[in-house]
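Turn these sequences into a full structure, and let the hints steer you where they fit.
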Amino acid sequence: MATARMLLPARDTRALLIKWVVGLLVPVMVFTFVWSGEQILNNVLLGLTGAGSTPYDTPTLIQAAIFIVVFYASMMALVGYLVAADSGNRGMIELWIDLAVFTLVPMLLALSLGLVIGLALCAVIWPLYFIVRRRVVKALHYTPPPPLKNLKVLDAEQRAVLVSRAAAGGFWFGAVFGVVWLIVDLIYYISGALPTLLLILAVVRTVILPVAGYFLGRLGGVVAVRRTLAAKNSSNGNQQVSGDGRGVSQKRQLEVLSTSRAREEARDLVPNDLPLRSSGAQRFYLILIVAFVLFYPVLDPFLFGFGTSGRLASYGEAGYYVILALGLNIVVGFAGLLDLGYVAFFVIGSYSWGIIGSAKLTQILNLAPLNPHLLSALFWPMVLAAALIAAFFGVLLGAPTLRLRGDYLAIVTLGFGEIVPIVFLELDQYTNGTNGIVGVNSPAFPGVTWSIVTPVPYYYLILALIALTIFANVRLRDSRLGRAWIAMREDEVAAASSGVNLRNTKLFAFAAGAFFSGIAGAYYSAKLGGVSPDNFSFGNSVIYLAMVVIGGIGSIPGVIVGALAVYSINILLLAQLDTLASDSTNPLYTLHNAIAHFVPGFSFGNVRNLLFGIILVVIMIFRPEGLIPSARRRRELHHAEGDGEVELGTLDVTPGSAEFEAEVRIE
Amino acid sequence: MSLEEAQHAGEPLLKLDSVGKYFGGLAAVQDLDLEVRSKEIVSIIGPNGAGKTTVFNLITGIYRPTTGDIRFDARSISGLTPDRVLRRGIARTFQNIRLFNNMTVLENVLVGEHTLLKAGVLGSLFRPPNVVREEAEARKRAIELLSFFGTELVERQDEYVINLSYAARRRVEVARALASEPKLLLLDEPTAGMNEVETLEAVKYVRRLRDELNLTILLIEHKLTVTMGISDRISVLDYGRKIAEGLPEEVRHDEKVIAAYLGTPATRAERKSVD
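These protein sequences, in sequence, are chains A and B. Residue numbers for the first sequence follow my numbering, so the first one is 1 and each next one is one higher. Residue numbers for the second sequence follow my numbering, so the first one is 668 and each next one is one higher.
Honestly, the hints are just simulated from the structure, not real lab data. For each residue, glycine too, the CB sits at the ideal point set by N, CA and C. Heads up, some of the hints might be wrong.
[What the hints assert, rightly or not] Some chain B residues close to chain A (C-beta under 8 Å, calculated; not the full set):
hint, residue
1, LEU753
2, ASN768
3, LEU777
4, LEU789
5, SER791
6, ARG794
7, ARG823
8, SER847
Laid out in structure tokens, this is it:
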């Protein structure tokens, strides 16, 4: 094979190979050996070959096997992509530290504290790390190169070089990993902890890994090459007419961009200074995240041991916060309407399914009770109906606020947020008042049992609902309607003068936001098996808003992360501090005793809200634009600091200045 | 065609009929009659605070006239909201450029095309082929509009407008107004803050807008050299009233205009003594 030559890298690519293969091998090995990668694989192999006994059933093992294959395959492809996409400008050590902070820290934290708590802590640690790094960079007087300095137009030959480099990356990653794994297995075998069959499979694996690495690395290389600048456009200057560029080559378009905008564009192009952040790498992250989330119920016992069903139940709860935050993001983030009463629509959605899905409706109508199975089947159309009912109320409550903006709008929506729950509370004969509704039916799906002790169906239900919500949000944002929202947020007068009907656009934003909270409400009452009116306070509206703001106003991934982070910090972490502190092996135990020594009767529960507030304040101080800000928002916030450079032509005069007035007077 | 000819002969494209606007007791515009015929370039001039921009705001529905009636294309448009007015075929630019600063050049023009696009909620969600096509055509049209002003804006279509020079931003604003395919274009001081070269270029494109795109143009302009050069007719406002109207030559020599613009001989002497 001619590939042998390609796999022995030339000098310049050797540094890149070492940089990325070592950089990614460390976290992958920690996952495999320290955590549970190897354990999952061995269980899968033993179980599926029938050679040994595992405590897991076949469907579980098949799912675990799919995850394992997807995981290692996308890691190898990722290495290929990174090797091909890296411009080689950034140092090796710097990258390794970054990788350690962003992969090892969360893994070790999740391993010791549980997934959600670990990640919630990371959401605090990472921004702090950014700040420290920025300080260090400043202290070193480092000035980054111009963002598009390395941008080259690559011809076919150079592209082929990139692909073969990527293949080498995948190959070496697979080879080194395979050999290390084999050595580890040999040690286990000699110590007698490994059955002979597994050793044979380990040898097979050692052969497969480099071969698979070669092809997957190539795949990563192809992904990278797609993000290079096309050669044909600039080869003969401006004669080329490309599709919508109208005679302007892509390279030319990039060259004339301002520095701040060029930095944004350079993020995704190859060669790239920071390939880990490029959109190509994000593709692989997305595959990893989707695989992880999809197979999570199966992986959980491997990764975290006991308590799977409790954890899944709480993730099901975190899920509807994600939907609520995404819905509120439409109103606040896209359309710029500050809504402090968002909980009102959640109430409406909850009671929609609460009344119809329980015996309440037939009771009100004086009819014979319906068959619960029939009611359960009604859940599916009712999710849509609850969403539409909430959207209808969104329009109804939005209509009186049309002329209001900013703080005035906030106050009125705050009023609605108070009124609606009280109305439902007082409608005794329909809602049972303060007692709430009990006996709300769960959804029905052929072959699935829904109950509180089996949280898996709810987990997949909320996953599907979240997926639908994200899909709808992305599509709406990128459509004509989304553009109108954003334009309206930027400048109402200009938007109206450009043909945007302010009334309809605002009402549609309210309706769309309420629609998703209706979905969340229907899910919530079904999962809880009832509706309890104490969950609908003003405080909830504020929490939803905090999720949006902390995540990054107007940014869909940001809002998802924000919802999960706020939920984890508030519900899973702070609410559990006392439980954790009662375990004498936990460091919190010592901390608790130390404080209790000075403050008698101290418990973490007493200061929970204080801690929550402090965390929120700290995040907002250090990351005012949110955890994952949208590009627009980042610009808005930093523009005031003089980051965005406004070009003033030498002869340009801005209105309002003395020169301008002079010019006007002369005429 | 015949309708257009009928208009040419009969009612003008835009007709303000004794329009007045009062803010409390203050009369911003009083008893104003104004006519703009198809394919004309008409200028409104006048000293600062004469009510020129108020007239634009009245025409485009940002303000509702207190008295009188505004007719466009033989139908009344007074009291319509700005987006309705735009749908009837009147687009505008603003004196202190109102672009969507954190959107790109291309996105700004696409917002301008809002009324031409049809995608609704379901279309946006499921993106059937016709919506995909519509969006692609919208982009193509936007780039064509930008290329009306040369290659600079096409090259910089992905730039946030806040990073553009002042003159370039003005052009984007005009492109956004053109995107709705209007019949009448209102330009509020299209050369404000520009140097001589840029002013000349702006004058050229205003003419081209009429000649190549068959637009009717009503503009507010401070620079008399500009207005005298491109206008078919000029109306002069002072203190919210029309004090003169006519061909550039007539207006230039009108006593009242000279007094309003340059001051009466008395005030001119006063200014000189201050200098």
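Status of the hint placing B:SER791 at chain A (closest C-beta pair under 8 Å): At 3 Å from the nearest chain A Cβ, B:SER791 passes the 8 Å test, so the hint holds.
Closest C-beta approach of B:SER847 to chain A relative to 8 Å, hint status: For B:SER847, the interface hint holds, since the closest Cβ of chain A sits about 6 Å away, which is under 8 Å.
For the hint on B:LEU777, does the least C-beta distance to chain A fall short of 8 Å? OK, holds: B:LEU777 within 8 Å of chain A, min 6 Å.
Hint status (Cβ of B:ARG794 to nearest Cβ of chain A, threshold 8 Å): holds, 7 Å
Interface hint for B:LEU789, Cβ within 8 Å of any Cβ on chain A: violated, 10 Å
Min Cβ distance, B:ARG823 to chain A: is it shorter than 8 Å? At 5 Å from the nearest chain A Cβ, B:ARG823 passes the 8 Å test, so the hint holds.
Let's test the interface hint: is any C-beta of chain A closer than 8 Å to that of B:ASN768? Given a least distance of 7 Å, the restraint on B:ASN768 holds.
Against chain A, with CB atoms and a cut of 8 Å, does the hint on B:LEU753 hold up? It holds, given that the least Cβ distance between B:LEU753 and chain A is near 4 Å, below 8 Å.
Hint 4 from the list above is the single one not met by this structure.
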